[in-house]
Amino acid sequence: MESMLHITTLHYLILGAALFLLGVIGVLTRRNVVIVLMSIELILNAVNLNLVAFSHYWQGMPARLGGGPLALHGQIFSIFVITDAAAEAAVGLGILIAFFRNKETVNIDEVNLLKW
Amino acid sequence: MLIGGILVITRKNAVHSALALIVALLAQASLYLMLYAPFVAGVQIILYAGGIMVLFLFVIMLVSIERSMKERQFNSQWVVGIIAATALGGLFIAVYAKGRDIFPDGVSTIMEGDNTQKVANLLYGQYMFAFEIASLLLLVAIIGAVVMAKKRI
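Protein chains in written order, with this note's numbering: chain Z, 1 to 116; chain S, 1 to 153.
Chain Z with its partners taken away, still in its complex shape (with noise of 0.2 Å):
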């Protein structure tokens, strides 16, 4: 009963997927480019939580495995998507105020330029 209780890796990833599809319906349904781009943000964050239960779930592995407490490999990469992220944001906003500056609009549907 009590193993009922315990929070294991797969109750994360099934966090993960949810915020993940969330992050998903965000994007391909909202039509405000900030809301667009927030909900990427909730893709990346899905992510990094899958890497962090992950990364938990080998620091409890055997060291023969790979495992042991110094395999902290999805927390780094945890940090480098963190990173990515904050570009990513830092240009996409860039974008989204000289595109602003032009249109003057957030429309994601007035966003045609290249569109054939």
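Treat the hints loosely; a few may be bogus.
Stated by the list, open to error - Which chain Z residues face chain S? A few, computed with CB under 8 Å, are given here: (1) I14; (2) V24; (3) L28; (4) M38; (5) E41; (6) I43; (7) S78; (8) F80; (9) A86.
Said to hold, decoys possible - Derived pair list, reagent style DSS-like, types lysine-lysine, alpha-carbon separation capped at 27 Å: (10) K103/Z / K151/S; (11) K103/Z / K115/Z; (12) K103/Z / K150/S; (13) K115/Z / K151/S; (14) K150/S / K115/Z.
Stated by the list, open to error - Output of the computed footprint for chain Z on chain S, the stretches with three or more beta carbons under 8 Å from beta carbons of chain Z: (15) 18–28; (16) 31–40; (17) 50–56; (18) 120–128; (19) 136–148.
Keep in mind that the hints were calculated from the coordinates and are not lab data. Glycine residues also receive a C-beta, built at the ideal position from the N, C-alpha and C atoms.
Given the coordinates of chain Z, work out where chain S should sit on it, guided by the hints.
Just chain S now, kept in the frame of chain Z:
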């Protein structure tokens, strides 16, 4: 955290979305603490909830939100979007249902103690090259953001 995520994609006002996103990010930082990753939790709070959200709020302030609030909020492809997301969710469910046995209970009792020190050792040792590439990426992002937001190049 899920409530925060749902609020992010449903609110009409972009400022409300940003505040809900802050709630989701802080909840995720607490999950990192539960996973014995205090350094990542600190980075999450400082960088995401601090830095990136301030950036978002500044941009929301710069672009006018009054008019976009009156418009239709969801685009015309929302049915296709929901269907695609549902298909993706079905894929996730199938994979996790099949792979449940691969993940036994990941409950391990680790001493967190010197987590930050270990992270730093790996980051500046084994991952030195990736670290340098990340710094280069940030430099490119700074230049790109400045060039994009400049009035006249």
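Each hint, compared with the structure:
1. A least Cβ separation of about 6 Å between I14/Z and chain S falls short of the 8 Å threshold, and the interface hint therefore holds.
2. Hint status for V24/Z relative to chain S: holds, with the closest Cβ pair at about 5 Å, below 8 Å.
3. Annotation: interface hint on L28/Z holds; nearest CB of chain S at approximately 3 Å, less than 8 Å.
4. For M38/Z, the interface hint holds, since its Cβ comes within 8 Å of a Cβ in chain S; the closest pair sits about 5 Å apart.
5. Checking E41/Z against chain S by beta carbon gives a least distance of about 7 Å; that is within 8 Å, so the hint holds.
6. Hint status for I43/Z relative to chain S: violated, with the closest Cβ pair at about 10 Å, above 8 Å.
7. Because the beta carbon of S78/Z sits about 6 Å from the nearest beta carbon in chain S, less than 8 Å, this interface hint is met.
8. At a threshold of 8 Å, the smallest CB-CB gap from F80/Z to chain S is about 6 Å, leaving the interface hint in force.
9. Against a cut-off of 8 Å between C-beta atoms, the interface hint on A86/Z holds, since the closest Cβ of chain S lies about 6 Å away.
10. Of the pairs offered as hints, the one joining K103/Z and K151/S holds, with about 14 Å between alpha carbons and a cut-off of 27 Å not exceeded.
11. At most 27 Å may separate the alpha-carbon atoms for a hinted pair to count; K103/Z and K115/Z meet this at roughly 16 Å.
12. Taking the CA atoms of K103/Z and K150/S, the gap is near 16 Å; set against the 27 Å cutoff, the hint holds.
13. Among the hinted pairs, K115/Z with K151/S is consistent with the structure: their alpha-carbon atoms are about 25 Å apart, no more than 27 Å.
14. Restraint check: the Cα-Cα separation between K150/S and K115/Z comes to about 25 Å, which is no more than 27 Å; the hinted pair holds.
15. Judged by the Cβ-Cβ criterion of 8 Å, the stretch 18–28 of chain S is covered by chain Z as claimed, because 5 of its residues qualify and three suffice.
16. Figure legend: the stretch 31–40 of chain S, annotated as covered by chain Z; annotation consistent (8 residues with Cβ-Cβ distances under 8 Å, at least 3 required).
17. For a cut-off of 8 Å, the count of residues in the stretch 50–56 of chain S with a CB near a CB of chain Z stands at 4, and the three-residue condition holds.
18. Against chain Z, the stretch 120–128 of chain S contributes 3 residues with a C-beta closer than 8 Å to a partner C-beta. That satisfies the three-residue criterion, and the hint holds.
19. A count of 10 residues in the stretch 136–148 of chain S with a Cβ less than 8 Å from any Cβ of chain Z is obtained; the coverage claim is therefore met, three being the minimum.
Hint 6 from the earlier list is the only one contradicted by this structure; the remaining hints agree with it.
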